[in-house]
Amino acid sequence: MSATRVPDAVNVLLVEDDAVIRRSVQLALERYGYRVDVTGDGLDGLDAVRAGEHDVLILDVMLPGLDGISLCRRVREETLTPILMMSARGDALDVVAGLEAGADDYVVKPVDIPVLVARIRSLLRRATFHERPAAEPAREEPTAAGEPTTSHRHLPAGEAPDLLTFGGLTIDPRGLEVRLDGRPVALTPTELRLLLVFAENPGTVLDRRHLLREVWDYGWEGDTRVVDLCVVRLRKKIGAERIETVRGFGYKLLRG
Amino acid sequence: MTARRTGPHPLDPRSLRWKITALVVLACAAVAVVIGVLVHRSTAEHGERTGRDLAVAQLGAAEQELSRTGRRPDNASLESLAGLPLPLARALEGSTAPGEYALWYDVKAPNWYWMWAAAPVGDGRVLVVRTDMSATVRSLQLLDRSIVKAALAALAVVVPLTVLATERMNRRLRHGARTARRIADGDLDARIGHRGRARDEITEMSAAVDGMAGALQGRLAAEKRFTADVAHELRTPLMGLVTAVGLLPEDDEAAGLVRTQVGALRGLVEDLLEVSRLDAGAESARFDEVPLGDLVDEVAGRGDGDIRLRLTAPATVSTDPRRVERILTNLLANAHRHGAAPVEVTVTGSRITVRDHGPGFPDALLADGPQRFRTGAVERGQGHGLGLTIATGQAAVLGARLTFANAPDGGALATLDLTGP
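In order, the protein sequences belong to chains A and B.
Oh and the first sequence: position 78 is 78 in the working numbering, straight run, nothing missing.
Oh and the second sequence: position 87 is 87 in the working numbering, straight run, nothing missing.
Treat the hints loosely; a few may be bogus.
Cross-link-like lysine to any residue pairs, in silico, SDA-like; alpha carbons within 25 Å at most [claimed, not checked]:
| id | chain 1 | residue 1 | chain 2 | residue 2 |
| --- | --- | --- | --- | --- |
| 1 | A | K237 | A | N201 |
| 2 | A | K252 | A | R242 |
| 3 | A | K237 | A | M62 |
| 4 | B | K224 | B | G214 |
| 5 | A | K237 | A | A97 |
| 6 | A | K252 | B | E289 |
| 7 | A | K236 | A | G222 |
| 8 | A | K252 | A | A199 |
| 9 | A | K252 | B | D144 |
| 10 | B | K149 | B | E289 |
| 11 | A | K252 | B | A285 |
| 12 | A | K252 | B | K224 |
| 13 | A | K237 | A | G182 |
| 14 | B | K149 | B | G47 |
| 15 | A | K237 | A | A199 |
| 16 | A | K237 | A | R213 |
| 17 | B | K108 | B | L161 |
| 18 | B | K224 | A | M62 |
| 19 | B | K19 | B | D144 |
| 20 | A | K237 | A | D55 |
| 21 | B | K224 | A | N201 |
| 22 | B | K224 | A | R89 |
| 23 | B | K224 | A | D94 |
| 24 | A | K252 | A | R235 |
| 25 | A | K252 | B | F287 |
| 26 | A | K236 | A | T79 |
| 27 | B | K149 | B | V34 |
| 28 | A | K252 | B | D288 |
| 29 | A | K237 | A | S70 |
| 30 | A | K252 | B | G47 |
Calculated directly from the structure, the hints in this document are not laboratory data.
A quick note: this is a predicted structure, and the numbers were derived from the prediction, not measured.
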């Protein structure tokens with residue numbers, strides 16, 4: 001396994017009750033250069049989230065103390081940190097509940113470490129984009145085998161317009177600030193990435209596969225429910241009427 | 001699936017409806033014949049008696065006339081015994097006393113329907129009168145005819161009524177048969193149910209069949225649930241195993257052996273889980289517009305075996321790409337494992353074919369479709385036969401058609417037909 005080092009350590013919090021999985025995932029991620037905090041209990045997990053600065057949270061669904069879904073919901077109330085759910089079920093209920101609770105993506109056990117790392121990188125890319133405005137060159141992630149489309153390059157600093165306005169919604173693609181009727185809207189990196197993809201193509205129907213590739217870096221194996229539920233969360237924050245569902249195709253952002 | 005006989009067509013004379021109708025017709029006809037014969041007989045007797053009485057009265061009057069005037073009346077004749085028709089003469093034999101007479105009903109051609117009455121009047125002479133019975137006979141014939149007509153009219157009413165009455169019964173039975181076939185074809189939720197107010201043997205049989213289907217379904221569900229639970233419980237330890245194996249050194253032979261086996265175990269558990277999800281019928285497709293060329297290209301490119309890809313006007317179809325990917329992955333894995341190179345993948349419009357150049361599908365698979373844990377390979381360790389079961393199950397979720405055949409010039413040929421809705 002070629003463990004590529006991450007330039008400045010990325011902090012991962014892993015909440016997983018099974019000791020073997022917890023330790024082996026920790027060791028494996030550390031080989032990739034991540035700093036991994038672990039805890040085996042939902043309530044301890046919540047404390048850990050509050051205590052430390054983490055770049056990514058990996059939450060198991062079945063947890064003692066506070067289950068993964070509730071933990072995810074509680075975490076979302078306090079922070080916008082990217083959340084990856086890890087489920088042993090993979091059936092619709094677990095996945096949908098996790099995504100509804102605010103998770104950005106999910107993986108199904110047993111998951112290969114390279115797949116997990118790819119998911120973490122994809123989440124970080126969105127988060128990085130959020131934290132470092134487009135004026136600064138986006139931090140290069142270590143690439144394993146031909147980095148997937150890094151679509152944040154669609155909006156380089158020089159070309160980005162100052163402000164995009166859609167009715168009461170204003171998006172500042174440089175400052176990465178979103179305001180609704182003048183008040184700032186707190187979006188997770190994934191939601192922001194999704195909104196920016198929409199804002200690049202206002203009034204255009206974007207199919208879910210396209211969004212899945214652009215924002216989540218998934219190929220055909222990706223689950224489009226991830227997109228649907230992120231759209232649901234985004235609508236809650238910016239107003240349901242702004243993103244229109246085109247049945248059988250996808251979504252579009254209304255121009256004004 | 002082979003086409004099966006679906007019982008007699010409603011117009012088939014072997015249909016239960018026509019059997020019941022025939023029975024009703026037979027019963028009606030029997031009743032009509034018996035009553036007709038009785039009426040005919042009693043009417044005929046009555047007519048004969050009237051004729052006899054008339055003849056006897058005429059004979060008496062003629063005798064009186066003869067004894068009073070010595071001449072016979074016009075309607076009577078005097079004959080010698082030898083001149084009489086033979087049956088009448090025989091009936092008169094031995095009756096010579098005055099007041100005795102003989103009767104003979106002549107129904108023979110050419111003297112049809114005469115009632116003869118004869119009395120000896122001495123000197124070997126016989127006084128004979130005869131009454132025309134043809135009016136009585138004709139009215140009897142008319143009666144017969146009207147009895148037949150009435151019987152036919154009754155049948156004309158009864159037969160359609162019977163057909164109509166059996167129709168409901170027939171329909172219930174056909175519905176039951178149809179439901180049983182649906183259950184046999186895999187729709188385990190199908191039930192005959194109870195419609196209407198009828199409480200008869202059909203209701204009883206329907207309830208029994210429904211009960212049987214429910215019991216079988218319950219047992220099947222319990223077994224499937226067990227498989228699903230086992231596979232699910234295996235997932236957590238397997239995840240630890242998979243991750244821990246990833247930590248072992250790459251260049252160690254023993255670690256390589258463990259890695260291979262963990263991979264195989266993992267494949268088996270995932271396949272079992274997928275099969276149980278498909279069995280549970282909990283899967284539903286999420287449709288997207290999918291350019292088949294791109295999808296197949298991507299999936300074929302991901303596999304490690306040698307694949308020859310040919311795209312002929314690949315269509316964009318509304319389907320669930322993840323499921324198409326699962327089908328294709330399993331077909332390709334099967335081709336590589338059981339077939340021989342080269343493996344050819346062809347996309348023509350909305351149809352995908354996977355063909356290898358191995359020994360082809362076993363006959364059992366071609367006849368019954370894929371069966372789990374039955375690979376047709378005599379030697380063990382040649383895969384667990386779940387791949388094609390999964391492919392078939394996923395195709396069913398998609399509403400697509402997956403068929404297995406052997407190419408005329410050898411090799412297995414699987415065809416996935418994704419005709420868009």
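Exercise. For the pair we were handed, K237 (chain A) and S70 (chain A), check the Cα-Cα distance against 25 Å.
Key: holds (20 Å)
Agreement of K224 (chain B) and G214 (chain B) with the hint, judged by alpha carbon distance not exceeding 25 Å: holds (15 Å)
ask   = Given the hinted pair K224 (chain B) and D94 (chain A), is their alpha-carbon gap at most 25 Å?
value = holds (20 Å)
| request: Would you mind confirming whether the straight-line C-alpha gap from K252 (chain A) to D144 (chain B) stays at or under 25 Å? | output: violated (89 Å)
| query | Hey, K252 (chain A) versus K224 (chain B), does the alpha-carbon distance stay inside 25 Å? | reply | Given pair K252 (chain A), K224 (chain B) is violated - Cα atoms ~42 Å apart, limit 25 Å.
For the pair we were handed, K237 (chain A) and A97 (chain A), check the Cα-Cα distance against 25 Å. Answer holds: K237 (chain A) to A97 (chain A) is near 19 Å, not above 25 Å.
Worksheet item: Going straight from one Cα to the other, do K19 (chain B) and D144 (chain B) come out at no more than 25 Å?
Response: Violated, at roughly 29 Å.
- Message: Between the alpha carbons of K237 (chain A) and N201 (chain A), is the straight-line distance 25 Å or under?
- Response: Holds, because 20 Å separates the two Cα atoms, which is no more than 25 Å.
CA of K224 (chain B) to CA of N201 (chain A), is that 25 Å or under?
violated (48 Å)
- Item | Satisfaction of hint between D55 (chain A) and K237 (chain A), Cα-Cα up to 25 Å | holds (22 Å)
Open item on the list: Checking one constraint from the list: CA of K237 (chain A) to CA of M62 (chain A), max 25 Å. Satisfied?
Closed with: violated (28 Å)
Can you confirm whether the C-alpha distance between K149 (chain B) and V34 (chain B) stays at or below 25 Å? Since the Cα atoms of K149 (chain B) and V34 (chain B) sit roughly 15 Å apart, the hinted pair holds (cutoff 25 Å).
When the structure is compared with the earlier hints, violations turn up for hints 3, 9, 10, 12, 17, 19, 21, 30 and for no others.
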